Amino acid sequence: MPTIDFTPVFLSLKLASLTTLLLILMCLPLAWHITHTRKSVKSFLAALSTLPLVLPPTVLGFYLLLILGANGPLYHLNLPTLAFTFPGLVIGSMVYSFPFAFQPIYNAFEQIGKGPLEAAAVLGASPTDRFFTIALPLAKPSILTAAALTFAHTLGEFGVILMIGGNIPGETQVLSVAIYEHVEALEYQQAFILSGGMMLFSFMLLFTLHYLQQSQLKYNTLPQKT
Amino acid sequence: MAINSTALNNTTSKKESLHIKLAVKRDHFDMTTELNIDTKSITALTGPSGSGKSTLLRYIAGLEPTLSGTCLFNNTLWQSEHAHLPTHKRQVGIVFQDTQLFEHLSVIENLQYAEKRSRSNAIELNEIIDAMNIRALSNHYPKMLSGGEKQRVAIARALANNPKILLLDEPLANLDIESKQSILPYLEYIHEALQLPIIYVSHTPDEIARIASDVIFLKKGRVICQGPTNAILTRDDLPFAHAETACAILQGTIDHHDDEFHLSSIKIKTSNAILALPKINKNLGDHITIKVLAKDVSLCVTPPENTSIMNCIQATIKNYTYMQDPSRLLVTLALKSSCNTNTEQILAHITKKSWSTLNLTKNQEVFAQIKSIAIAI
Numbered sequence: 001m002p003t004i005d006f007t008p009v010f011l012s013l014k015l016a017s018l019t020t021l022l023l024i025l026m027c028l029p030l031a032w033h034i035t036h037t038r039k040s041v042k043s044f045l046a047a048l049s050t051l052p053l054v055l056p057p058t059v060l061g062f063y064l065l066l067i068l069g070a071n072g073p074l075y076h077l078n079l080p081t082l083a084f085t086f087p088g089l090v091i092g093s094m095v096y097s098f099p100f101a102f103q104p105i106y107n108a109f110e111q112i113g114k115g116p117l118e119a120a121a122v123l124g125a126s127p128t129d130r131f132f133t134i135a136l137p138l139a140k141p142s143i144l145t146a147a148a149l150t151f152a153h154t155l156g157e158f159g160v161i162l163m164i165g166g167n168i169p170g171e172t173q174v175l176s177v178a179i180y181e182h183v184e185a186l187e188y189q190q191a192f193i194l195s196g197g198m199m200l201f202s203f204m205l206l207f208t209l210h211y212l213q214q215s216q217l218k219y220n221t222l223p224q225k226t
Numbered sequence: 001m002a003i004n005s006t007a008l009n010n011t012t013s014k015k016e017s018l019h020i021k022l023a024v025k026r027d028h029f030d031m032t033t034e035l036n037i038d039t040k041s042i043t044a045l046t047g048p049s050g051s052g053k054s055t056l057l058r059y060i061a062g063l064e065p066t067l068s069g070t071c072l073f074n075n076t077l078w079q080s081e082h083a084h085l086p087t088h089k090r091q092v093g094i095v096f097q098d099t100q101l102f103e104h105l106s107v108i109e110n111l112q113y114a115e116k117r118s119r120s121n122a123i124e125l126n127e128i129i130d131a132m133n134i135r136a137l138s139n140h141y142p143k144m145l146s147g148g149e150k151q152r153v154a155i156a157r158a159l160a161n162n163p164k165i166l167l168l169d170e171p172l173a174n175l176d177i178e179s180k181q182s183i184l185p186y187l188e189y190i191h192e193a194l195q196l197p198i199i200y201v202s203h204t205p206d207e208i209a210r211i212a213s214d215v216i217f218l219k220k221g222r223v224i225c226q227g228p229t230n231a232i233l234t235r236d237d238l239p240f241a242h243a244e245t246a247c248a249i250l251q252g253t254i255d256h257h258d259d260e261f262h263l264s265s266i267k268i269k270t271s272n273a274i275l276a277l278p279k280i281n282k283n284l285g286d287h288i289t290i291k292v293l294a295k296d297v298s299l300c301v302t303p304p305e306n307t308s309i310m311n312c313i314q315a316t317i318k319n320y321t322y323m324q325d326p327s328r329l330l331v332t333l334a335l336k337s338s339c340n341t342n343t344e345q346i347l348a349h350i351t352k353k354s355w356s357t358l359n360l361t362k363n364q365e366v367f368a369q370i371k372s373i374a375i376a377i
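Going down the list, the protein sequences come from chains U and D. Residue numbering for the first sequence follows my numbering, starting at 1 and increasing by one per position. Residue numbering for the second sequence follows my numbering, starting at 1 and increasing by one per position.
So here's chain D without its partners, still in its complex pose (with noise of 0.2 Å):
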């Protein structure tokens, strides 16, 4: 999985920006949205069934011209009331959910495809192939191929057209969990390696935690919120913040390792949270993002003696609400802040009881107690 990438940052390092205004009248689909993307990230557009993902997505592609709005992406006007960019003129990638492979063209002929309708080559289609490891596969036809294996033609496809940005509409909503595991390494080093921005349509909390910096949250057409990935999953009038799998994503940096006990320390940002993990293969000073799930956290209200949990951070009680499950409640977790700007969040889980045995309270300070911690990139 090695792409000479620094050929590629010179093209696509500078800011670049996605400014879509949107107004869509349908029967029972009122959609009124503005939305700046910073496209230097993977953001991940996300909200119930029929909120306008993929409306939004064929939108930014071209592929609804009757829509009225504004789309602006970089500077250049690609669509507005009066002036419509045709599909093929704006240099997106798209992987729709049913890949839409080309099924008379056998795998190696779908990539040929689009590297000759390619208008730069900074990706060598070798590279690709080998990337995303679809060699064994180049003279089969679509209709011999694995979901997970059409996925990935299907996404090496759209590299190979050397696309300015790449939209995938639940790429991973028809797979099976094992061909979801082994499609998202493919994203995040496409990220990395490629510098690429990424518009990832999911609602899945696990898929966007492990790859998406920013999220949009739609409803019915509209954007509710939008802004970072912890800040959105952490938000508790927001449905992932009560899902069993809720999560907080924290961005750390490598502190120290332990060779004794076999450990990493993580220096979390914007606090002064130190967490151990089980060694980490990396470089002190690398960056690195943990997951913290909720239902990992308790609270005590002194500092904790004699357990077996090493890892026990400060904290604030930012807020509680109910959950569905009348014995739990939601906490929501300020982490203390080492700058007194954008505290980091964590949620909680716990139940009715220890809130109101703890007598616990809103702007309380506590510890909270992490039973494990997995690492999310």
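For reference, chain U alone in the conformation it holds in the complex (with noise of 0.2 Å):
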């Protein structure tokens, strides 16, 4: 049995659940300020939420690397620089898995529509109040999609990650990186291990989410009346 360093995993946990973390509180106001104004405004955001979707992540690192760097703004305005720390990978998680976080909160929102909240202000609700009593409890089984899908794209991401983080154990290289590395060293067993390992995991995690969907779902369905 060869010796694993299971360090990368937990490094990539901890990565993709501050990641989720984060993602899901900032675009829970952002997708309902979107929702709620103008057409116009809407495509321009819209569209460039969906933007790292279609960039490859080497772009996206690449960029990243630029504004996190040595030389880049955060440097010239006195702040620490990000590049190959564990903050500037959560920072370039953020960036790459924002889609997978924002998109089904926002179509949820727009899903909602007006007519339940204008029912709500009708009956004495405040705008806060609205929003936590009625648009997040409706929107409550896509938030949980969109952190399932937050948490495994995190957990899957590689370019991104090898670009701005580099491959410092303990501090920048999770799971996919340690994967590769192994591979490069032809160390297949340790590859292969932590490879169904992270398979494994990422199913369970699935199932569990989608396990717990369809349980939210019981004022969706038509039980026998009593």
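Simulated from the structure, these hints should not be mistaken for laboratory data. Just so it is clear, the structure is predicted and the values come from calculations on it, not from any experiment. Quick reminder that beta carbons are idealized off the backbone N, C-alpha and C, glycines included. There may be inaccurate statements among the hints.
[Claimed, not checked] Partner residues aside, some chain U positions facing chain D, computed with beta carbon under 10 Å:
id, residue
1, P80
2, N107
3, E110
4, K114
5, P116
6, A120
7, A121
8, L123
9, G124
[What the hints assert, rightly or not] Restraint-style ranges between C-beta atoms, simulated for each label pair:
id, chain 1, residue 1, chain 2, residue 2, range
10, U, L206, D, Q112, 30 to 38 Å
11, U, S40, D, Q324, 31 to 39 Å
12, D, Q97, U, L25, 35 to 43 Å
13, D, N74, U, L21, 48 to 56 Å
14, D, T204, U, A46, 40 to 48 Å
15, D, N126, U, A46, 45 to 53 Å
16, D, H19, U, P73, 33 to 41 Å
17, U, P87, D, N126, 54 to 62 Å
Two chains, two frames, some hints: make the complex.
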């Protein structure tokens, strides 16, 4: 049995959890705001938000490296440069996985429409009240989907990480990079164990979320009348 | 269906009114309206589709903040060029055509949502649940309910919020006849027991005749006419009088009961006319509203004899108009008044042939025979 360093696994989980949490918290108010803006502004923001989806990860990674790197604007503003650090990875992942968090939430808010919110307003609910008691619960299944997709997508991220994070063990060497390393070194057994573990874990995660979503849908089905 | 109504009367019995001035210009829509709605009564808002009925209702609720106009409720400014009181501070209740129940909440949670945000507790939630007969549905989710059940829950939710005025946007439009019949009594009950002003959007003359005391007729965003229900329903320049179900709504009091033949006599307000109906379970002097269908009215020039039709009243022909059916005429009749003011009108759909055979003319005095009379409320 070969010795395997499991640090990259925990680093990957930490990165994916943190990215998911921050992205969901960011996308909720953002998507809400865009849903209630004018149509022309909407298209512009929607296009911008899907951009990371169509660009190759290396292009994204390259720009992020320029911004976060040693000679980038952060350096000139006397801020700590973030390239090749864990916080840098988090920022990179957030940009890279942004569409996966944003789109489901945005679509859910669009789909809810004005109706239920107007009904709540008539009943005396303030805009904040409406967001928390109507919009959020109705969008809950989509928020779960967004979280699952973001988590899985960040876990499988490779190109962006390599560009801005490099391969520093314990700091930026995440699972996907570690597997690549093992393969390069012809350590197929280690690569196999890590890959298999990741696949199993990802499947379990997605399975759990889909299962939760199904039980969330109780009010969308037609149970027997009593 | 018993709500303790005495406690509620105090808060709403004073004269309330809603003044609206609207000027809206959109593509193909030009609305300039000035309205005074007496909110003691059920006011029906009617007119062809696209006439601005729903827009007006949404404006009152504050859901059209960009429309220019003035909205004054009980001397409180709700909306003007410079001010807009947000919907959630207006204390209005709306029942939408598509109910807009919250699908993530059960029936009881929907009601509690409204109750929690209510600014007075004049009406008890439990009483509303019993009045609307929805206790058995408490734990159901909206998707499990039938159309009629949804509307009852939606009405209950609006009431649980203790609104100052209830706006109903075609609440019965999506329902089958049976469900409609089951909802109407609830609306009448709400108005009577809770003394809650109601504005009701509908284009069904039957519904209007049954529950509204005043009618506003809109067309292309303009108020064509406004007045008591019977005056509007019997106007021959509006579509109601031409419909197959055209009718007149008369107010009266119970004059006496005839136990031998099981009949009740109704004295019609502002006229001397007395009409007999199958016995009604009400006390002498009680108020009653009756409905006379235009097709049940026939005309005679002399007092009819040897007829099985009991009800025959004196009236004057006010006007006659052609109907879509070329064989028929619409005749407007004014009942002989007891006080020379506000004569009530009824309608008669008769054939052109009878009109010419009887040599009828405008302002002629005739006897109107009424085949059957229905109790409207």
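Taking the hints in turn, this is what the structure says about them:
For the restraint placing P80(U) at the interface with chain D, the shortest Cβ-Cβ distance is roughly 44 Å, beyond the 10 Å limit, so the hint is violated. Using the Cβ-Cβ criterion of 10 Å, the hint placing N107(U) at the interface with chain D is not satisfied: the shortest such distance is roughly 17 Å. With 10 Å as the threshold, the beta carbon of E110(U) stays out of range of chain D, its nearest partner Cβ sitting at about 16 Å, so the hint is violated. Restraint check, K114(U) versus chain D: the minimum CB separation of about 8 Å is within 10 Å; hint holds.
Of the supplied interface hints, the one on P116(U) holds, with its beta-carbon coming within about 6 Å of a beta-carbon of chain D, less than 10 Å. The restraint placing A120(U) at the interface with chain D holds, with a minimum CB-CB distance near 7 Å, inside the 10 Å limit. About 4 Å separates the beta-carbon of A121(U) from the nearest beta-carbon of chain D, less than 10 Å, and the hint is met. A hinted interface residue such as L123(U) counts as satisfied when its beta carbon comes closer than 10 Å to some beta carbon of chain D; here the least separation is about 5 Å, so the hint holds.
Proximity of G124(U) to chain D holds as hinted, the smallest CB-CB distance being about 4 Å (cut-off 10 Å). One distance hint, 30 to 38 Å for the beta-carbon pair L206(U) and Q112(D), holds here, with the actual separation near 36 Å. Distance hint check: the CB atoms of S40(U) and Q324(D) are about 48 Å apart, inconsistent with the given range 31 to 39 Å. With their beta carbons about 37 Å apart, Q97(D) and L25(U) fall inside the hinted range of 35 to 43 Å.
Take N74(D) and L21(U): their Cβ atoms lie about 50 Å apart, and the range 48 to 56 Å holds. Between T204(D) and A46(U), the C-beta spacing of about 43 Å keeps the proposed range 40 to 48 Å intact. A hinted range of 45 to 53 Å holds for the C-beta pair N126(D) and A46(U), which are about 47 Å apart. A beta carbon spacing of about 59 Å between H19(D) and P73(U) contradicts the range 33 to 41 Å that was offered as a hint.
In this structure the hint that P87(U) and N126(D) lie 54 to 62 Å apart at CB holds, the actual value being about 56 Å.
In summary, the numbered hints that this structure violates are 1, 2, 3, 11 and 16.
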